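Trainee: Single-letter residue listing:
4 protein chains.
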Amino acid sequence: MTQSLWGGRFQSAADETAFQLNASIQFDRRMALQDVRGSKVWADALVGVGVLTPAENEQIQTGLAQIQTEFEVGQFAFHPTDEDIHTAVERRLTEIIGAVAGKLHTGRSRNDQVATDFRLWMLDALPQLTGAVNELQRVLVGRAETDISALMPGYTHLQRAQPILLSHWWMQFFWMLARDVERLQALQTRTATLPLGCGALAGAPFPVDREGMAEALGMGSVAQNSLDAVSNRDFAAEFLFVASMIAIHLSKLSEAMILYTSAEFRYFTLDDAYSTGSSLMPQKKNPDHFELARGKTGTIIGKLVGLLTTLKGLPSTYDKDLQEDKPPVFETMDTLLLILPVLAGALDTLTVHADRMEAAIDPSMLATDLADYLVGKGIPFREAHHLTGEAVRIAEVAGVTLADLSLDAYQHIHPVFGPDVVDAFDVRKSVARRSATGGTAPNAVRTQIERAKALLAEK
Amino acid sequence: MTQSLWGGRFQSAADETAFQLNASIQFDRRMALQDVRGSKVWADALVGVGVLTPAENEQIQTGLAQIQTEFEVGQFAFHPTDEDIHTAVERRLTEIIGAVAGKLHTGRSRNDQVATDFRLWMLDALPQLTGAVNELQRVLVGRAETDISALMPGYTHLQRAQPILLSHWWMQFFWMLARDVERLQALQTRTATLPLGCGALAGAPFPVDREGMAEALGMGSVAQNSLDAVSNRDFAAEFLFVASMIAIHLSKLSEAMILYTSAEFRYFTLDDAYSTGSSLMPQKKNPDHFELARGKTGTIIGKLVGLLTTLKGLPSTYDKDLQEDKPPVFETMDTLLLILPVLAGALDTLTVHADRMEAAIDPSMLATDLADYLVGKGIPFREAHHLTGEAVRIAEVAGVTLADLSLDAYQHIHPVFGPDVVDAFDVRKSVARRSATGGTAPNAVRTQIERAKALLAEK
Amino acid sequence: MTQSLWGGRFQSAADETAFQLNASIQFDRRMALQDVRGSKVWADALVGVGVLTPAENEQIQTGLAQIQTEFEVGQFAFHPTDEDIHTAVERRLTEIIGAVAGKLHTGRSRNDQVATDFRLWMLDALPQLTGAVNELQRVLVGRAETDISALMPGYTHLQRAQPILLSHWWMQFFWMLARDVERLQALQTRTATLPLGCGALAGAPFPVDREGMAEALGMGSVAQNSLDAVSNRDFAAEFLFVASMIAIHLSKLSEAMILYTSAEFRYFTLDDAYSTGSSLMPQKKNPDHFELARGKTGTIIGKLVGLLTTLKGLPSTYDKDLQEDKPPVFETMDTLLLILPVLAGALDTLTVHADRMEAAIDPSMLATDLADYLVGKGIPFREAHHLTGEAVRIAEVAGVTLADLSLDAYQHIHPVFGPDVVDAFDVRKSVARRSATGGTAPNAVRTQIERAKALLAEK
Amino acid sequence: MTQSLWGGRFQSAADETAFQLNASIQFDRRMALQDVRGSKVWADALVGVGVLTPAENEQIQTGLAQIQTEFEVGQFAFHPTDEDIHTAVERRLTEIIGAVAGKLHTGRSRNDQVATDFRLWMLDALPQLTGAVNELQRVLVGRAETDISALMPGYTHLQRAQPILLSHWWMQFFWMLARDVERLQALQTRTATLPLGCGALAGAPFPVDREGMAEALGMGSVAQNSLDAVSNRDFAAEFLFVASMIAIHLSKLSEAMILYTSAEFRYFTLDDAYSTGSSLMPQKKNPDHFELARGKTGTIIGKLVGLLTTLKGLPSTYDKDLQEDKPPVFETMDTLLLILPVLAGALDTLTVHADRMEAAIDPSMLATDLADYLVGKGIPFREAHHLTGEAVRIAEVAGVTLADLSLDAYQHIHPVFGPDVVDAFDVRKSVARRSATGGTAPNAVRTQIERAKALLAEK
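Those sequence lines, one after another, are chains A, B, C and D.
Here the numbering used here is used: the first residue of the first sequence is 1, the next is one more, and so on.
Here the numbering used here is used: the first residue of the second sequence is 1, the next is one more, and so on.
Here the numbering used here is used: the first residue of the third sequence is 1, the next is one more, and so on.
Here the numbering used here is used: the first residue of the fourth sequence is 1, the next is one more, and so on.
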């Protein structure tokens with residue numbers, strides 16, 4: 001226990017299980033490089049307020065640089081008494097440069113230090129995540145371009161509703177992810193606020209240049225209130241929310257992929273590299289990765305809930321409960337960085353069965369077009385809808401499709417029907433009519449694709 | 001059932017319980033005015049594409065204006081068959097203007113309509129919420145200005161840590177809420193994207209001017225993909241997240257208020273108007289409202305989870321599951337709009353016991369200052385921390401405070417201690433030393449207050 | 001405010017919004033009859049300890065009986081100052097019988113009173129819920145009996161896996177619900193523990209006969225610790241968990257129903273009474289109720305989370321946060337009592353397309369039987385699985401089914417294949433082989449049905 | 001990839017990241033011993049249906065025994081291609097005994113196998129957890145016995161309410177945990193239902209003796225429906241719920257401990273072995289472990305939500321989403337098994353400051369007794385409550401306690417007050433009056449303790 005950063009007033013050592021419960025080194029070691037980086041900037045700042053001489057700082061910088069290298073090459077040796085990454089780094093620094101290492105923690109607390117490390121880690125990880133999302137967006141746009149001529153049934157309530165372009169279908173996921181990217185970027189800005197220099201809670205005991213440190217660490221602003229700075233984990237909670245939204249969007253895509261690769265739909269076949277089999281049933285080819293993406297959505301939402309619930313009603317500035325903040329964030333980041341490229345790869349390599357899709361567009365899906373045809377003849381939509389509903393019922397009873405119903409039958413429903421009613425059953429025409437912004441007409445979809453590409457190019 | 005908007009193809013009526021399960025009128029009636037507003041803009045747009053004549057539109061606008069008035073004065077009569085607000089409005093419009101009302105729904109679906117109504121409702125409600133948050137922020141700044149001279153113990157782990165200004169303590173909540181306001185504003189922008197003109201899923205069957213409608217409805221952009229437009233509820237989920245963060249911040253404030261009004265702390269006394277009593281114990285004066293604010297945080301987080309879980313893995317564009325989107329949003333908005341002014345009122349009217357607070361600052365809270373004193377004498381902080389820890393233990397054993405320990409005793413710990421050690425125990429000096437940005441020094445807190453006022457003035 | 005139960009020590013009235021935030025009458029009025037019932041038993045008990053004379057009790061019993069009637073016939077008039085149901089009842093009792101009403105609350109607190117009322121309410125509602133679950137179970141067993149001859153594809157990963165009986169498929173939901181019923185019954189027992197007589201927190205100030213009261217109220221035990229009795233809401237949390245499990249089981253059923261009524265599967269057609277249409281697309285027939293059941297699962301899980309989060313870290317015995325306990329329970333109970341009969345009705349009235357189901361069983365689903373055939377010839381299963389996998393691949397490349405592959409082709413894969421390989425492709429034989437307990441063989445399924453009926457008959 | 005259990009029909013290998021996403025070996029290796037145990041029983045059963053000869057079984061049993069030893073002594077070597085524990089064991093068995101190992105998986109699927117392993121793991125772990133809960137219960141009872149003479153303020157709303165025995169306070173947590181133990185035992189029974197012999201989904205293809213296997217594995221029953229058997233994870237969800245309740249109870253205890261070890265309460269001092277210090281503030285002694293217990297409650301609730309959300313709406317029998325079931329269960333079990341002994345140790349070793357507690361009982365806490373005194377004089381409680389409220393107000397204004405108010409002052413409030421009013425202010429008498437079952441009177445608490453000890457002895 002003599003190596004703990006805080007043992008001075010204590011007469012007996014911690015209970016071993018208690019030590020284990022308290023330790024965070026098993027996960028906060030992931031912030032090793034960020035901890036070193038923050039310490040280097042803090043040491044520089046201590047020179048500015050006269051706590052360190054330039055020579056002492058030189059020693060510290062050299063020692064920290066060596067530690068950084070040890071982490072980078074995987075040669076840093078942790079000790080059993082390293083309860084957290086901050087302790088480990090200071091312990092090692094002392095080994096390397098001796099007692100002067102003990103000056104580094106002046107005016108700093110693990111409270112502002114860990115808040116800084118964690119934000120720095122996030123600032124390193126968020127662009128990776130954005131990149132992985134962008135890559136999936138690129139695959140979606142690629143598919144939309146490739147599959148531009150394919151028609152498919154659009155669904156509501158999982159019932160065939162109206163014909164759409166497959167490209168249009170792919171693009172919906174692009175826009176969901178585009179909102180996620182927007183949220184990630186806003187989070188990036190909000191995360192780049194420096195807690196360092198706020199001490200344990202009350203502020204540093206000398207006028208350290210916090211704005212300078214922020215700049216050195218690539219952060220746009222400094223926290224304005226030390227109590228808030230050491231205790232708020234808004235950025236972690238917001239990350240888990242944004243991650244949950246990404247996961248929800250991926251779960252929607254995954255659900256569709258699971259359906260569309262089933263025998264009943266068979267719109268897509270997955271590449272073998274993105275399928276798995278059964279230990280019992282030799283014929284099986286399962287969309288496991290999409291199921292995992294869907295299932296992990298639950299897990300990620302759970303991590304969001306976990307942190308929010310942990311944060312509820314905390315009484316002080318820093319409370320130890322906050323130590324629960326990092327595992328959900330690390331694990332969620334890992335999960336998304338694993339799922340996203342797999343989904344991108346699976347989409348990129350799948351086979352589209354355009355014939356199956358088009359064959360699935362039965363004439364009843366043009367019932368709305370039939371109603372619109374009546375509207376064109378001056379019948380109010382509500383009545384047109386009702387008359388078309390009758391046609392659907394009659395066709396169903398007769399066991400034929402709407403397209404097969406005779407003109408006679410139509411005219412029996414309403415005399416305004418004419419021979420031009422056949423036009424209502426032309427699928428490509430139906431699709432082309434939906435040309436307003438955001439519609440499924442080929443032209444509108446091409447505009448969508450152009451806008452999407454412009455958005456991706458901006459980054 | 002004849003009045004439903006969709007019964008044409010159906011041969012038998014809905015089961016009564018099934019109808020009840022399906023109906024949303026009990027909650028979506030809250031969007032009545034938004035539904036009318038959206039319909040007016042849609043009718044105008046239908047003129048542009050030749051579906052309505054100007055005369056027909058005139059009739060529709062007049063009818064809708066009458067319906068709007070009926071809602072505003074509370075005289076709109078719902079029918080048992082009104083399964084949702086859209087059905088109710090169209091039914092009433094038909095009663096007022098006859099069959100021409102049946103033209104209004106041309107090219108529109110309840111899918112794009114409800115998405116539009118809901119966004120319009122949010123755009124009306126969000127500024128109210130922002131206003132209520134701002135009002136609480138104003139009270140916090142007011143308290144910070146009033147209470148600028150009061151000292152109090154700052155806590156970590158609910159243990160007395162270092163002395164701070166009460167004003168500094170109040171201000172931490174200002175900054176938490178400031179981030180919430182930022183999130184609300186970003187959400188406002190993201191919500192102002194128009195789904196109308198996207199039909200059921202595939203787009204409107206004519207080139208309706210969606211950008212014009214967006215402008216008429218005060219929205220900054222139009223949804224770029226019809227499938228996404230009718231099915232995404234990102235804005236509702238994001239609202240519930242932002243609301244959860246607000247609630248978490250209020251729960252932290254509330255937890256502290258509950259503690260600080262307890263007999264043990266007695267830092268504040270609540271005004272009778274913001275306290276309640278006990279049916280059994282005549283002496284009780286309870287901080288019920290803060291407890292409710294804390295408790296309702298759980299409820300709000302639950303509503304976030306509810307919607308996220310509902311959204312997970314939905315297969316189609318529009319699925320009926322989405323009907324679960326509105327109650328959590330409405331209820332959360334109501335809850336926050338009820339809590340926020342009560343908390344503002346309670347803070348505004350409480351009595352501060354500055355004497356109790358200052359008396360609670362015992363000398364051991366200056367142990368860090370004592371260590372800093374040693375640092376000033378050239379001792380590395382880590383050693384200084386250890387030496388001070390020894391002093392704490394010696395004083396504890398002796399049953400005296402750090403300030404009461406003799407110079408002799410100090411010099412026994414380390415010869416560098418001198419008579420100037422008494423300075424380390426001056427609370428106001430301790431506070432004043434923490435003058436870097438965000439620190440608790442009076443000057444730094446005054447800067448905070450100025451920045452906060454400037455931020456509030458911006459709105 | 002003079003009518004509040006606690007105003008004595010207060011000098012000013014509550015702020016109006018604060019009063020509104022604090023009030024619970026809007027939802028706890030649902031426990032009116034339970035509140036009266038508990039009060040009647042409490043008054044009887046007060047006679048036992050000499051607080052009430054038999055004559056006074058007579059007056060109180062008469063007054064309470066009148067109030068009970070007023071609630072039953074819907075004529076009880078609430079006052080704006082009735083902050084909760086307890087206040088309302090005591091206020092009304094005072095109006096009816098005068099000052100002696102003021103004796104009823106002796107030794108009792110709203111803390112033990114509300115805990116008692118809530119448990120009584122649960123004890124009334126749980127059997128209703130169990131009944132509704134049993135009814136759905138009965139419909140499932142009924143379907144299993146009716147549909148005993150229908151074959152269908154069993155799925156894993158939503159891929160066709162092995163043929164099963166439709167009856168077997170129905171019965172899986174029976175067993176899920178059977179576990180839920182078990183949990184409901186355990187909960188019923190745990191809920192039947194009496195808090196009354198525990199006062200605000202410390203116990204009643206006289207030796208009231210709590211065991212007698214428990215018996216009078218139909219509860220099996222009394223709470224053993226007054227502090228725990230007034231503050232624990234385990235039963236409410238456990239209810240929300242059990243409800244979540246029920247909902248999850250219903251969501252699984254619903255997801256399947258949504259799939260199986262889609263055009264792609266078309267295994268079932270819903271009766272018109274349990275379907276809805278589209279306001280735009282005249283041909284649509286949507287499984288809205290199953291979607292709502294699935295969507296409301298999210299909402300119910302959210303309510304569980306809400307209460308658990310509210311309960312986390314509460315500091316005292318009774319804290320006002322606990323007031324958040326009732327709305328989620330009431331709403332969840334209502335939701336399940338609405339969903340269950342609708343789902344039961346929908347299942348009971350649907351049309352099964354046994355031909356479609358059987359047609360969906362393609363020979364590749366018998367690949368496991370083919371491997372088992374090889375096992376019968378002495379080949380280890382792992383090798384048999386591999387050989388069969390080869391057969392699948394060869395058949396796939398050749399564009400034929402496994403059953404169409406020539407004996408030659410099979411013998412090319414392995415010489416052990418003989419003409420009897422055709423037996424492996426007999427679907428009914430495949431099903432019949434799975435006759436161990438729990439398997440899909442007709443005999444095993446009949447056993448299942450018998451056990452299920454015996455279980456239902458027990459209640 | 002050649003070693004996968006399912007590769008036969010696949011032409012290309014899995015993408016590496018896809019393989020990594022799919023693998024579960026990193027966590028399911030924890031079920032190694034259970035997997036071996038299940039396989040041994042399965043092999044025995046295969047003899048019964050003639051799939052294995054006794055000699056083959058002998059080989060398999062020997063091989064499995066060796067594998068079991070390798071796991072027990074930590075010498076089992078995993079291969080990079082072992083995607084899950086089942087694959088690893090079968091791969092190793094093949095290495096040891098050759099091709100006959102390939103017969104073991106006959107009629108079995110990883111679906112029924114993993115469900116069996118997981119249940120076996122739970123059945124091993126649940127008694128450990130129950131034991132750890134019992135140990136904490138024992139410490140609580142021990143404290144209750146030791147601290148039987150100490151008085152303390154009881155709280156509601158964190159306001160001092162009525163005096164109670166510290167023993168009574170400790171015992172409340174005993175009863176909360178007693179309910180948790182009840183739930184754990186019910187779960188134990190529900191978990192002991194065998195899925196093995198259900199195959200992938202449809203049942204085993206031969207009449208294997210499932211009841212015999214259940215007995216051999218210590219399970220009380222067999223799953224009655226194969227589809228349900230392989231897909232239901234009720235037991236995992238129920239475990240996470242029971243764990244959440246345990247955590248909530250611990251969080252309530254922890255919140256109180258954090259308060260009661262604060263400087264403001266100072267009712268308890270933690271032993272150094274169960275406290276931690278600050279890296280910056282030498283005087284700090286923090287109740288970190290209780291904060292972690294409180295914080296981890298959020299994390300555990302999050303894991304419950306994660307699994308429930310994952311389970312919602314799954315379409316098939318087995319879906320790969322189910323692979324998300326184990327990490328939350330394993331991690332939650334680990335967390336509770338870490339927290340429980342630390343909390344037990346901390347309670348066992350703390351110092352009680354009975355003097356501080358008793359000193360905190362101010363006379364106003366006897367206001368209810370004062371009201372009861374008036375009731376004894378024949379005044380209805382409601383009026384007595386009001387009169388006492390007046391006394392409280394008058395005392396507050398006068399700056400004295402209720403006990404210091406003169407008889408004159410009391411008689412001014414109501415003439416019925418007599419000199420015997422002083423009795424109402426005797427704390428020990430107040431406590432002793434609460435002698436009904438569950439009350440805080442010493443006799444009642446002793447009864448509680450006896451009942452608790454009897455309950456613990458039963459196990």
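Do not rely on the hints blindly, as some may be mistaken.
As the list claims (entries may be wrong) - As a list, the in silico DSS-like pairs of lysine-lysine whose alpha-carbon atoms are at most 27 Å apart: (1) D:K377 to C:K377; (2) C:K377 to C:K429; (3) B:K377 to B:K429; (4) A:K377 to A:K429; (5) A:K40 to B:K377; (6) C:K40 to D:K40; (7) D:K377 to D:K453.
As the list claims (entries may be wrong) - Computed Cβ-Cβ distance ranges for the label pairs, DEER-style: (8) D:V49 to C:A454: 39 to 47 Å; (9) B:P54 to A:E396: 37 to 45 Å; (10) C:A454 to D:G212: 46 to 54 Å; (11) D:T189 to C:A454: 18 to 26 Å; (12) A:A454 to D:A186: 38 to 46 Å; (13) A:T81 to C:R451: 25 to 33 Å; (14) C:V47 to D:T189: 41 to 49 Å; (15) D:Q128 to C:Q61: 51 to 59 Å; (16) B:A55 to C:E70: 38 to 46 Å; (17) A:G220 to D:R393: 36 to 44 Å.
It should be emphasised that the hints constitute simulated quantities derived from the structure, not laboratory data.
Since the model is a prediction, treat every value here as computed from it, not as a measurement.
We put the beta carbon where it would ideally sit given N, CA and C, even for glycine.
Trainee: Which hints from the list above does the structure break, by number from lowest to highest?
Mentor: 1, 6, 7, 8, 10, 12, 13, 16, 17
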